[in-house]
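Residue numbers (my numbering), protein chains in the order written: chain A, 1 to 154; chain B, 1001 to 1349; chain C, 2001 to 2396.
Rather than coming from a laboratory, the hints here were simulated on the basis of the structure.
The structure presented is a predicted model; accordingly, all values stated were derived computationally and were not measured.
All C-beta atoms in this analysis are idealised placements derived from N, C-alpha and C, irrespective of residue type, glycine included.
Any given hint could be a false lead.
Beyond 12 Å from chain A on every Cβ pair, some chain C residues (computed) [to be verified]:
1. E2184
2. L2201
3. P2239
4. K2300
5. S2301
6. H2313
7. Q2322
Derived DSS-like pairs: lysine-lysine, alpha-carbon spacing no greater than 30 Å straight-line [stated by the list, open to error]:
8. K1218(B) x K68(A)
9. K1321(B) x K1276(B)
10. K2054(C) x K139(A)
11. K3(A) x K2236(C)
12. K2325(C) x K3(A)
13. K2300(C) x K1084(B)
14. K2054(C) x K1218(B)
15. K145(A) x K2054(C)
16. K68(A) x K2054(C)
17. K1261(B) x K1144(B)
18. K139(A) x K1218(B)
19. K1211(B) x K2300(C)
20. K89(A) x K2054(C)
21. K1218(B) x K2236(C)
22. K1241(B) x K145(A)
23. K1276(B) x K145(A)
24. K81(A) x K2300(C)
Listed below are the residues making up each chain.
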Amino acid sequence: MNKRELFQYVRSASPVTLEGARECPDCVEVRVDAKDLLSFMRFLKTNDVLAFDLISDVTAVDHYTSRKPRFDVVYHIFSLKNSQRIRVKVAVDEGESVVSVTSVWRGAEWLEREVYDMFGIWFDDHPDMRRILMPEDYKYFPLRKDFPLEGIED
Amino acid sequence: MVVTINGRQFEVEQGQTILDVARANDIYIPTLCYLEKVSPIGSCGLCVVEVEGQSEPVQACSTYVEDGMVIITDSPSLFETRRKVLERILERHPLDCPVCDKAGECRLQDLVYEFGLEGRIADHRVGIPRLQEPPVTYSTPGIKYYPSRCVLCQRCVHVCMEHVGRGVLVVNEEGDKARIEPLYADNCISCGECLAVCPVGALTENVSPLKARPWQKKVVRTVCPYCGVGCVLELNVARNKVVKVTVDDTIPPNHGTLCVKGRFGFEFINSEERLKKPLLRKNGEFQEVSWEEALDFVADKLSSIKSEAGSDAIAGLASAKCTNEDNYVFQKFMRAVIGTNNVDHCARL
Amino acid sequence: MTVPLEKVGEEMILNMGPQHPATHGVLRLVLQLEGEVVKRIVPMIGYLHRGIEKLCEERTYIQNLVLTDRLDYTAAMSNNLSYALAVERLCGIEVPERAQVIRVIMAELSRIAAHLLWIGTYALDIGAITPFFYCFREREKVLDMFEMISGQRITPSYICIGGVRKDITPEFLEALKSFTDTFETYILDYEALLTKNPIWLSRTRDVAVLSREEAINWGTTGPVLRASGVQFDFRKATPYCGYENYEFEIPYGTNGDCYDRYRVRMEELRQSNRIIKQAMANLPDGPILADVPYVVMPDKSDVLTDIEALIKHFKIASGAFQIPKGEVYSSIENPKGELGFYIVSDGSSRPYRMRIKSSCFVNLSTLPVMVEGRHMVADVVAAVGSIDIVLGEVDR
Chain A
1 MNKRELFQYV RSASPVTLEG ARECPDCVEV RVDAKDLLSF MRFLKTNDVL AFDLISDVTA
61 VDHYTSRKPR FDVVYHIFSL KNSQRIRVKV AVDEGESVVS VTSVWRGAEW LEREVYDMFG
121 IWFDDHPDMR RILMPEDYKY FPLRKDFPLE GIED
Chain B
1001 MVVTINGRQF EVEQGQTILD VARANDIYIP TLCYLEKVSP IGSCGLCVVE VEGQSEPVQA
1061 CSTYVEDGMV IITDSPSLFE TRRKVLERIL ERHPLDCPVC DKAGECRLQD LVYEFGLEGR
1121 IADHRVGIPR LQEPPVTYST PGIKYYPSRC VLCQRCVHVC MEHVGRGVLV VNEEGDKARI
1181 EPLYADNCIS CGECLAVCPV GALTENVSPL KARPWQKKVV RTVCPYCGVG CVLELNVARN
1241 KVVKVTVDDT IPPNHGTLCV KGRFGFEFIN SEERLKKPLL RKNGEFQEVS WEEALDFVAD
1301 KLSSIKSEAG SDAIAGLASA KCTNEDNYVF QKFMRAVIGT NNVDHCARL
Chain C
2001 MTVPLEKVGE EMILNMGPQH PATHGVLRLV LQLEGEVVKR IVPMIGYLHR GIEKLCEERT
2061 YIQNLVLTDR LDYTAAMSNN LSYALAVERL CGIEVPERAQ VIRVIMAELS RIAAHLLWIG
2121 TYALDIGAIT PFFYCFRERE KVLDMFEMIS GQRITPSYIC IGGVRKDITP EFLEALKSFT
2181 DTFETYILDY EALLTKNPIW LSRTRDVAVL SREEAINWGT TGPVLRASGV QFDFRKATPY
2241 CGYENYEFEI PYGTNGDCYD RYRVRMEELR QSNRIIKQAM ANLPDGPILA DVPYVVMPDK
2301 SDVLTDIEAL IKHFKIASGA FQIPKGEVYS SIENPKGELG FYIVSDGSSR PYRMRIKSSC
2361 FVNLSTLPVM VEGRHMVADV VAAVGSIDIV LGEVDR
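Could you build all of it, start to finish, from the sequences and the hints given here?
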């Protein structure tokens, strides 16, 4: 299955409404609403044609003041069967939370913890939601755009 | 009148140049010597465009539009012509970007990068001295002048003659000996206008001991603290110190023009001699004291003078470098607390 | 930092690291022990967190290349390659053929260097000292070759955006040839020391088993995934740098234990050697840098004699090199697994966001699955070592 076929298949077979879907040079990109995230992710993994079984990455992008909602949580999932990657984006605002995908891919556990640690985005139903790289009593979220490079001294 | 530029038609007025029309319609024509506030110089030949019916390309900055003109601003041959112009300029340019003040905000660098120039003619340059020559004397100590970096755009000559009206600078000699010279140095008022318009590092600022590249600098817009005109200027700050002063051409009241004080008079900000604590003369020598002690002393003396000789024995002199609010409070203090109208300030600085 | 573990009855909470010879860097493990059996294990990371992702947002694309060396510093060339590929993909740069082949040689050499380091230190962890000396002898040769072409042994920054920094020299090729010709026999040496060694077998066989399903579910990549029976390699699945033109096998295991991870890496040494030999045989002539004057740095000798080159160098280094707006995720098969770069560009000379997907980070998260409830304290050392982590990449 090549990228074009994958793109068309995802668009037609998706159980939830996609807010946006496009074919990027590197992979297929879709944007879903936060409430549909879990069912869409289940579909990606359990669908026999797609079989997106390997979670590559979970991260976030901070659009700061240039956009509302402020953050995009970005998932990259790889299919061993098709050797294709899909990028799923979910918009989330400051203070809101996203549902964890650890029930779909256990490998998301640490990746989501890192997103929380760096951006302060909370993941619901996560088995172990703690900071991972920064000390646990740290007050800030370093990868947010309003955090200065040189850090904040207490 | 209607002209066609790159296949698009534009309504134009008598007296506009091709460059005026292009800029007004966001059509890019590269320029080097062109300066909006003076008459077209036409020395660089970078803004050449093709006009239908003319055998040779014409300069966009100095050619006035005519009805029905058909103009092309970009073509392979124009690109090649412009490249040649740049190559000619670079022939004698010293290899001193790493030590040049202007590097990073240099118009010549931008153009060379934009045109993707590579040293294709390096062979025939063998023998041309490429080392930087030391700066030569200029008409004002505020500016260092490196003739070898000059691209002979003549912006400085024109701005000094037409804008400032002093006519200090001329182009002397001819051919490869040609250089800008401050022939009438006695006329110079050290306004630094030539420095501001220099597109390369030929004229560089010589006041601040601190230098910084553009990406290290923060530009802070402020109002000149000297006289009452209130020129808007931009302080270029690096590591919390003023490196130099620049001006935004579009902002009133000065529209990019400054005098010697605004342009070069910022040394006092970081001066070591500046008072940071009050001094009190004790046993014939100034000694640093606390603010409490100093204010108590002044208050004591002022009230004793006032009771002995009356309010009018006291006069106050404020500073024009203070803000309006500070000066307002000061005169209020003189009138209401001391009780005198003897208030003035140093506007004649 | 407090630990989310609670002591029950006779149990003991044991702290291992961050300073511990077998954790390969500043990794801290908190163990909940019942007797000698590990009931729970909590890896604590972040002791080497340098904020590279944040730093990247403040530096130009060219400057960021140097930071990638500091991720998995045992295979810096591979990191350079992954980053360069991501940026090239973002601005659509085609890398010349010769540079591609040189890149393959370098990537495979760093795989050999990284795996040799792993075999040596892993054997050391488990108690065998001799393989360490054997492996470091050959690793030294690889590092010498790196030094020969880039001047640096560990952090070469040799593979750059648009190609490689310098052309390889005849001396380098000679050294490479003598290395690849003899390397197979050295691999036999290592195998003679370990593969059938009964102590080695009892320390690694059936230890820290990760089943095929678990390995995929936890998102592992690289030798850890392959040892669990998945024949998967990004060089085959999503070829880059012309890997589709090389003949090589993907070794994989069956049990997913420490021994299989060892076998997989050992076989990868052979396959890498094989790839290098093919690359050397088909090294094309031609330029080593893409012909994109706005991006590619001019030759250093020109910079010292030529004003155009000097200006270009200055402009590119100071951030005139702007990347079109867009985003890209690009990953390669690093010695440790998938190293991915997700770059979001806002059209300026610095990335708006640069995410580094580290395989060590993900692979390390499977440690509790491998160990909890099954193994004793001494096996923790074997399990951690077998994952092959570099804390520089885990913490970034």
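Verification of the supplied hints:
Look at E2184(C): its CB is around 31 Å from the nearest CB on chain A, clear of 12 Å, so calling it non-interface holds up. With a minimum CB-CB distance of about 30 Å to chain A, L2201(C) clears the 12 Å threshold, and the non-interface call stands. Residue-level check failed: P2239(C) sits 10 Å from the nearest beta carbon of chain A, not beyond 12 Å. No beta-carbon of chain A is positioned within 12 Å of the beta-carbon of K2300(C); the least distance is around 30 Å.
Listed as a non-interface residue, S2301(C) keeps its Cβ farther than 12 Å from every Cβ of chain A; the least gap is roughly 35 Å. At the 12 Å boundary, the C-beta of H2313(C) stays outside the reach of chain A, the nearest C-beta of that chain being 26 Å off. Against chain A, the non-interface label of Q2322(C) holds: every CB pair exceeds 12 Å, the least being about 18 Å. Between K1218(B) and K68(A) the alpha-carbon distance is near 29 Å, which keeps this suggested pair within the 30 Å criterion.
The hinted pair formed by K1321(B) and K1276(B) meets the criterion: a straight-line CA distance of about 16 Å does not exceed 30 Å. At most 30 Å may separate the alpha-carbon atoms for a hinted pair to count; K2054(C) and K139(A) meet this at roughly 17 Å. For the given pair, K3(A) sits about 17 Å from K2236(C) by alpha-carbon distance, which is consistent with the 30 Å threshold. With a CA separation close to 22 Å, the supplied pair K2325(C) and K3(A) stays within the 30 Å bound.
Annotation: proposed proximity of K2300(C) to K1084(B) holds, straight-line Cα distance about 24 Å (limit 30 Å). In summary, the hint linking K2054(C) to K1218(B) is supported, as the alpha carbons are separated by about 21 Å, within the 30 Å threshold. For the hint pairing K145(A) with K2054(C), the CA-to-CA distance comes to about 9 Å; that is within 30 Å, so the pair holds. Between the alpha carbons of K68(A) and K2054(C) the distance comes to roughly 22 Å, so the proposed pair stays at or under 30 Å and holds.
Restraint check: the Cα-Cα separation between K1261(B) and K1144(B) comes to about 17 Å, which is no more than 30 Å; the hinted pair holds. Our distance criterion of 30 Å between C-alpha atoms is met by K139(A) and K1218(B), whose separation comes to about 29 Å. With a C-alpha separation of about 26 Å, the suggested pairing of K1211(B) with K2300(C) holds against the 30 Å cut-off. As the CA atoms of K89(A) and K2054(C) are separated by approximately 21 Å, the hinted pair is consistent with the 30 Å bound.
For the given pair, K1218(B) sits about 49 Å from K2236(C) by alpha-carbon distance, which is inconsistent with the 30 Å threshold. Distance check on the hinted pair: K1241(B) and K145(A) sit about 26 Å apart at the alpha-carbon level, within 30 Å; holds. Taking the CA atoms of K1276(B) and K145(A), the gap is near 37 Å; set against the 30 Å cutoff, the hint is violated. The hinted pair formed by K81(A) and K2300(C) fails the criterion: a straight-line CA distance of about 46 Å is larger than 30 Å.
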